[in-house]
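Following the hints, put chains V, F and R with the ligands in place on chain L, whose structure we already have.
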Amino acid sequence: MSAATEAQPGRAGPRLSASIKRAALPWLILAVVYALCVIASADFLTWHTIRLQLIQAAFIGLVAIGETLAILIGHIDLSIPWTITLTGMFATNLYAAHPHEWVAFGAAIGIGVAVGLVNMLGVYVLRVNSLIWTLSINLMLQGITLIYTNAAAPTTVVPPAAKFLALGMVGDIPMAAVLWAVCAIIVIGALRFTPFGRAVYALGSNELVALLSGVRLARTYAAVFITSGVMAALVGLLLSGYSSQAYLGMGDDYLLPPVAAVVIGGSRLAGGEGGYGGSIAGAMTVILLEAMLITLNVSQGEREIVFGAILLALAFLFLGRRRR
Amino acid sequence: MRRFRERLGDHIGPLCCAIGVVAVVIVYAVYQPAVLSAFGIASLANASVTLALAGLGQTVVLMTGALDLSIGSEISLVNCFAATFMGGSTTSIVLVVVASLLIGLAVGAINGLVVAYGRVAPLIATFCTSFVYAGISLTLRPQPGGSIPDSFANLLTGNWGLLPFSALLLLLAVLVIWLPVFRSRLGRFILAYGDNPESAFASGIPVRKVGMAAYMLAGLFAAIAGLFLAAETTSGDPSIGNVYTLNSLAAAVLGGVALTGGRGGMLGPILGAILLSIILNVLSIVGISAFWQDFIEGGILMLVLGLAGIRLLRAQSWMTLLGRSQS
Amino acid sequence: ALMVAAGFLTASAAYAQSLTDPASLEKCFVKASADTPMMPAKHKTGPYKIAFSNSLYGNNWRTEMLNIASAYVKQPDVAAHIASFKIFNSGNDVSQQISQIRSMILSGYDAIVVDAASPTGLDSVINQAVKQGIVVVAFDNTVGTTKAINVNEDQTEMGRQWAQFLVKQVPANKTILMVRGLAGATVDNDQVDGAKSVFKDHPDLKLVEVYGGWDVGTNQKVTADALATNHDIGGVWGTEGATGALQAILQVHAPLVPMTGESDNGFMMLATENKIPAMVIGQSPALVAVAIRAAIATLSGQSLPQSANVPLTALTTDEMKPDVDFFPKLPGSFVTNISIPQCEVHIPVTEVVK
Amino acid sequence: MPDAVLRAEGLTKRYGGITALEDVSLSLAAGEVLALLGANGAGKSTLVKMLSGNVTPDSGSIAIGGAERHLTSPRVAFEAGVATVHQELSLFGSLTVAQNILIGREALGRLGHIKEETSLRRATALLAEIGVPDIAADARLGTLSLAQRQLVEIAKAISFDPRVLILDEPTSALGLTDVHRLLSVVRGLRAKGRAIIFISHRMEEIETIADSVTILRSGRKVGAFPRQSFTRDRALELMLGETQQQLHAVPPPPPAVQTTPPILQVADLRLDGRLNGVSFDLRPGEVLGLAGLEGQGQKDMLFALFGLFRRGLRGDVIIRGQARRASRPLQAIAAGLAFIPDDRKNMGGFMFLPIAHNIAVTILDRLRRFLFLNARRETAIVAELIQRLAIKCASADAPLGSLSGGNQQKVIAAKWLAFERDIYLFCDPTRGVDAGARETIYATIRDLAAAGKGIILYSTDMVEFPILCSRVLVFRGGKIAGSVSGAEVSEESILALSFQDTGAVAA
Ligand SMILES: Nc1ncnc2c1ncn2[C@@H]1O[C@H](COP(=O)(O)OP(=O)(O)OP(=O)(O)O)[C@@H](O)[C@H]1O
Ligand SMILES: Nc1ncnc2c1ncn2[C@@H]1O[C@H](COP(=O)(O)OP(=O)(O)OP(=O)(O)O)[C@@H](O)[C@H]1O
Ligand SMILES: [Mg+2]
Ligand SMILES: [Mg+2]
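Protein chains in written order, with the numbering used here: chain L, 11 to 334; chain V, 172 to 498; chain F, 2 to 355; chain R, 1152 to 1658.
Treat the hints as calculated values from the structure; they're not laboratory data.
This structure is a prediction, so every number in the text was calculated from the model and none was measured.
Careful, some of the hints might be misleading.
[Unchecked claim] Partial list, derived from the structure: chain L residues whose beta carbon lies under 10 Å from chain R:
no.: 1; residue: 107
no.: 2; residue: 109
no.: 3; residue: 206
no.: 4; residue: 208
no.: 5; residue: 212
no.: 6; residue: 221
no.: 7; residue: 225
no.: 8; residue: 227
no.: 9; residue: 278
no.: 10; residue: 282
[Claimed, not checked] Below, simulated DSBU-like cross-link-like pairs (lysine-lysine); rule was C-alpha separation at most 35 Å, straight line:
no.: 11; chain 1: R; residue 1: 1266; chain 2: V; residue 2: 380
no.: 12; chain 1: L; residue 1: 31; chain 2: R; residue 2: 1496
no.: 13; chain 1: L; residue 1: 173; chain 2: F; residue 2: 330
no.: 14; chain 1: R; residue 1: 1343; chain 2: R; residue 2: 1266
no.: 15; chain 1: F; residue 1: 87; chain 2: F; residue 2: 28
no.: 16; chain 1: F; residue 1: 87; chain 2: F; residue 2: 75
no.: 17; chain 1: L; residue 1: 173; chain 2: F; residue 2: 207
no.: 18; chain 1: R; residue 1: 1496; chain 2: V; residue 2: 380
no.: 19; chain 1: L; residue 1: 173; chain 2: F; residue 2: 75
no.: 20; chain 1: L; residue 1: 173; chain 2: F; residue 2: 322
no.: 21; chain 1: L; residue 1: 31; chain 2: R; residue 2: 1543
no.: 22; chain 1: F; residue 1: 28; chain 2: F; residue 2: 148
Glycine included, each C-beta is placed from N, C-alpha and C at the ideal position.
Chain L extracted, bound-state conformation (with noise of 0.2 Å):
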């Protein structure tokens, strides 16, 4: 390496510090909305409170994995809410009927699978704007989980492993949080230490040079968002064990806060440029903000304006500018 690299210290330095300042960046807003947290309550110091942000973390942190893998490529993915939706009333209502856990889960895999494939047809393969083409395909599975269960809750037996991910305790940690300690080792190690992470970059920074380049650009697509549909449909069932029911309005929370945490987490929508690490703080921070949010007792139309108003800002100033 010394031999090939002639030292250009005046150079490496700024730019190192710049790559680390945008790797810390998430971490020092959720560190700032953490502290506001505890100035609104004091119980945000306990480990039980966050134990409990820790949950509601893991669910949107597990959604984010796929939504970053999608805006990583330089799409999105908006139609998480009713493949969550699906899945938890699908899986359940199968597991009622089969009462095999694998089925249950093979189910929900399945549904993501299909979700990842057709948003893959539509974006790849037609070239439709992966944002107008997701959207559609949430009000597509919502039409199918409406005709599905006839608009109504179908059972509150719900396989005892999902409840085991969502509500199960790892000693005083709680299970969800280990799982999703466990899918983002995974996530970091695939994008960085993998051809598959390798590709995404590559896609993401130039569609055309990647193509130019060899990578094979359909099989990464699939990937990514077949991830990203069995993330969700993954949730889809935590969220049924963790109310112990599916139920309509279960997704209904997972269509912005995800794009959110991957944008807090400092990934360019663009695509190209951030991870998975900065996602974690985003997610935390999304759910940190909510909490918050609530503890204060904001009015719902106070909240949006200062969401909407804080995700402008980071766009305006770092995030999403366009280059000329």
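Using the frame of chain L, we list chains V, F and R with the ligands on its own:
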């Protein structure tokens, strides 16, 4: 002949929509002949006008190659504002109408500032502002209510013989806003900018102002839609506009407006909006369960987007195909 | 279950005469306030064409309500009055519902039953319908116009009764967690107004309010949040979705405290199982039947209050009987109060769960 | 000179590390045609962009009609009386010809509405005036050919009735007759007292039309003289400078041994109108040049070989005896091809990713050990290539975008050296590349040839063919117009073949 085919290619979107509208209306009339009465026609017009206006607004922005995800919130905002402050007197009605239009222009200008001058990607920018506008509507009017005087409501939603006032409103919006804009240089600039921003800049077009103007026009159309909804429901509702964000995109795309900019007219989105609005009515008249409505709506959208995509698949080189990458 | 259903059918046949019987109507339709005017009767000969314009669909309550509507109009005594009955769903889109009602006006219905997407948004189209001689009855999400008959349960009274139950059960100086419904909704404000009218006489009780959005998951989440930061909760004032609040308490092993809620099967199951002092009063999905009955009665010449409340039935944990008041074999999300005996509305469970 | 219509003083422009233009001064009188000459990347277009308000100079001043002007935007330049025909056209495919020509200056009615009829009439008159009445003013621009569009662009510039008209390679896309029409329009404008800057790589045109000649080399003005003292040799010497001597000093590689079987055979390749039946062979160790005027199909040829055309391609591509015509780059890569593009920004590299990732992207599959990338091997390969190509960088983790253009180009070549292929397609690999980097790239090409690879080189820079190629195919109109090989390869012989029917212009 070649010229003719070219022309046909341009108008294929509106043409398909027109055929669709006629077909749907025929089905409607078979199941319910009274729909062809004055009251029936007014009902159809009232049901479509809001989406048509939203679709026109969205189209202006799409033509510059950007998009506006805040149209729904803008509609809600104006709707809540009008229902909250419109008193009964003629002066207050006029004042509130004028103020509503100004609000539309102002929120559009905010979008334009962020996108054209702040250079934030349109998708993120309007995604964020949509939350801000929605939050303002919720703060203004935490629950549905307020009031709209009958005089104003009847003025916009009534009918004169076979002629519904709502259709007149749409016609007026087209005559007073759309046509003058697109017969003037501004309209030409909007199309040129959407066609090729680099060329537009090199041709001396004030590109940032054009981008800004497009969002302001979208805001203006959204404001008219919000006012019409206020008249139709005689009240304000902070979530009333939500359905129009995606549906306005759908109406525009159905009407043959390209998401990549530089192409589009007003007839396509209007017909697309009418088709989308009536089809849901017809579905329930024909006896299709409401649960199928989201499915069918999503299906129509996917179909149209997919068909547009298939057209693109004929691109000869990978460079044109990938060059069209997403916003 | 078939036997039960058959029994109900014969029983309801006995009520055939009383569907439009003034004395029976008076028991069911209680004037909302002393100065509520009476709605003039219509004298049309039956059977009638009735349309039902529903707004939101896609939650348990609405689905059961739609099933009840279909079942009710098939009961022989009701069916005798009905030439046709059709259900339209518009979703929570006001303009869609407006255009649907306009299309009903065109179709020449005698009466329109409405569960409105907006408390004020439909007023002008309803006025138009009434002008055409159509009887309009709104229920559940009622409407502002005085041209329509509004039928509902008294939400303020409901909130008040829950609060009264709690103030008797909760020791002094404790905190009461109020898990409200949807921010901004009229029903939510009414329920909380009723509750606060009671709580204001007990200043020693501290109130903490969160919004549970009337669904189980959100209830569970916000209750868990609230439990984390409040350690002396002595009672939970819950409404629809309180099952989630109860699950949150069980989940974090917080002390079990007296609770209130609506008639969710799951809530009653958990309350009886864990022997938690609880009181349920529920907005009944059978209100739709009452509204249909109001339409028939008005058309056949009876005069009803313009705004009427159906008497409430409260149940406490010790009164809850399995397979009568709640159903251990059915999902927790099942809304149990599918009959309103005061109004002679009896719907067998088999008609609601399909 | 009091009668100078345009006077530029000390114009300088830097893009990051690259100096596009340094301290260039220029003055132009009414009725004068000034020809701007220079090799590719000499800074001609940069100068033009400053005069037209598209780029603001880092330093220097511009005066028009004696008054100093800050040309901060194209609009300001138009208002000052400068109209420009850019190298990359500034037209709109979805508008009509008339709408394009008069954009921003449409005839307006009293209500501010555009009077389309008047515009149409004005545009038609204008097109007739420049001698192209065959272009319909109401035709959609997107339906016109490239040459027709070029003429429309010229009509658009002339419609400003500018005091200064700048034409940046206006003839590169035109055939002989259109060039004649254009030159007579320029003469007419000169007669009307307009000042004109004319850029072209075709010496004949310069000799025909120019009143004075200014020559740029590497961003500097290296000569200016009246037409009378202009000779091609002098101009070439000034344009190419010492580099040329230096380059000529390196001997060309030996011609390929004709007995080895061809590694690549192309037979009657066609792509609607852009390639009209191209056939040739490529042997191992051979460097085959694709020459000709711009846009004669050379680039399309490379794109077609590398699978960049998804459809419409006919004919045979045979690699090592197997039919391997590709419709996707992946197929081409699998068939043993590598492609080094000219458009660095859009086609070359990932500007925001580390250099190492840019290089290793082609060998991801080979670096895989179980599920993971073998980081140690990657680092070794990357380091070796950085050293071999003398890529100047702070570290292999620095983003590609932080490098100078020449070094970027080396990185792009490096990624295909990492993944060894049989046939290398070089598409103008030295565009915008400084002399040192050029040498490295030339050496790389020679090394590859020596290692028995087959190489196809397209270049816009004529001088590269004699020093690199054993054989050159000259393209004209999507066909091979002729070929030269061995010692015959020279700029003159290539030019002669390129100009076979346009050579008469000079007369
Ligand atoms: N495609 C482009 N290429 C280069 N620059 C561009 C491009 N598009 C926009 N710009 C920028 O936009 C500016 C000109 O935009 P425009 O003329 O619309 O601005 P304006 O609103 O008129 O500004 P002002 O208020 O300063 O007059 C230029 O300064 C340039 O930096
Ligand atoms: N926007 C830019 N960013 C970075 N470098 C640039 C930019 N524009 C031009 N350059 C560089 O400036 C130099 C001069 O380029 P310019 O386009 O002026 O050359 P030219 O003389 O017009 O060449 P040609 O004959 O190929 O048109 C080149 O090295 C080019 O790479
Ligand atoms: Mg300006
Ligand atoms: Mg140039």
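Status of the hints after comparison with the structure:
1. Taking 10 Å as the C-beta contact cut-off toward chain R, the hint placing residue 107/L at the interface is violated, the least distance being around 37 Å.
2. A cut of 10 Å between beta carbons decides the hint on residue 109/L: the least distance to chain R is about 35 Å, and the hint is violated.
3. With a least beta-carbon distance of about 8 Å to chain R, the hint placing residue 206/L at the interface is held under the 10 Å criterion.
4. Nearest Cβ of chain R to the Cβ of residue 208/L: about 6 Å, under the 10 Å cut. The hint holds.
5. A least Cβ separation of about 5 Å between residue 212/L and chain R falls short of the 10 Å threshold, and the interface hint therefore holds.
6. Against a cut-off of 10 Å between C-beta atoms, the interface hint on residue 221/L holds, since the closest Cβ of chain R lies about 5 Å away.
7. Given hint, residue 225/L at the interface with chain R, holds; its Cβ is 6 Å from that chain's nearest Cβ, closer than 10 Å.
8. Interface hint at residue 227/L: satisfied, since its Cβ lies 9 Å from the closest Cβ of chain R, which is below the 10 Å cut-off.
9. Against a cut-off of 10 Å between C-beta atoms, the interface hint on residue 278/L holds, since the closest Cβ of chain R lies about 9 Å away.
10. With 10 Å as the threshold, the beta carbon of residue 282/L comes within range of chain R, its nearest partner Cβ sitting at about 6 Å, so the hint holds.
11. A distance of roughly 23 Å separates the Cα atoms of residue 1266/R and residue 380/V; the hinted pair therefore holds under the 35 Å criterion.
12. With a C-alpha separation of about 26 Å, the suggested pairing of residue 31/L with residue 1496/R holds against the 35 Å cut-off.
13. Only pairs whose Cα atoms come within 35 Å are accepted, and residue 173/L paired with residue 330/F is accepted, the gap being roughly 20 Å.
14. Using a Cα cut-off of 35 Å, the hinted pair residue 1343/R and residue 1266/R holds, with the two alpha carbons roughly 29 Å apart.
15. Under the criterion of a C-alpha separation no larger than 35 Å, the hint pairing residue 87/F with residue 28/F is consistent with the structure, at around 28 Å.
16. Between residue 87/F and residue 75/F the CA atoms are separated by roughly 12 Å; this keeps the pair inside 35 Å, and the hint holds.
17. Distance restraint check for residue 173/L and residue 207/F: the Cα-Cα separation of roughly 34 Å lies within the 35 Å cut-off, and the hinted pair is therefore satisfied.
18. Distance check on the hinted pair: residue 1496/R and residue 380/V sit about 28 Å apart at the alpha-carbon level, within 35 Å; holds.
19. Taking the CA atoms of residue 173/L and residue 75/F, the gap is about 42 Å. The hint is violated against a cut of 35 Å.
20. Taking the CA atoms of residue 173/L and residue 322/F, the gap is near 29 Å; set against the 35 Å cutoff, the hint holds.
21. Simply put, residue 31/L and residue 1543/R have alpha-carbon atoms about 26 Å apart, close enough for the 35 Å limit, and the pair holds.
22. This hinted pair checks out: residue 28/F and residue 148/F have alpha carbons roughly 23 Å apart, not beyond 35 Å.
Checked against the numbered hints listed earlier, the structure breaks hints 1, 2 and 19; every other hint is satisfied.
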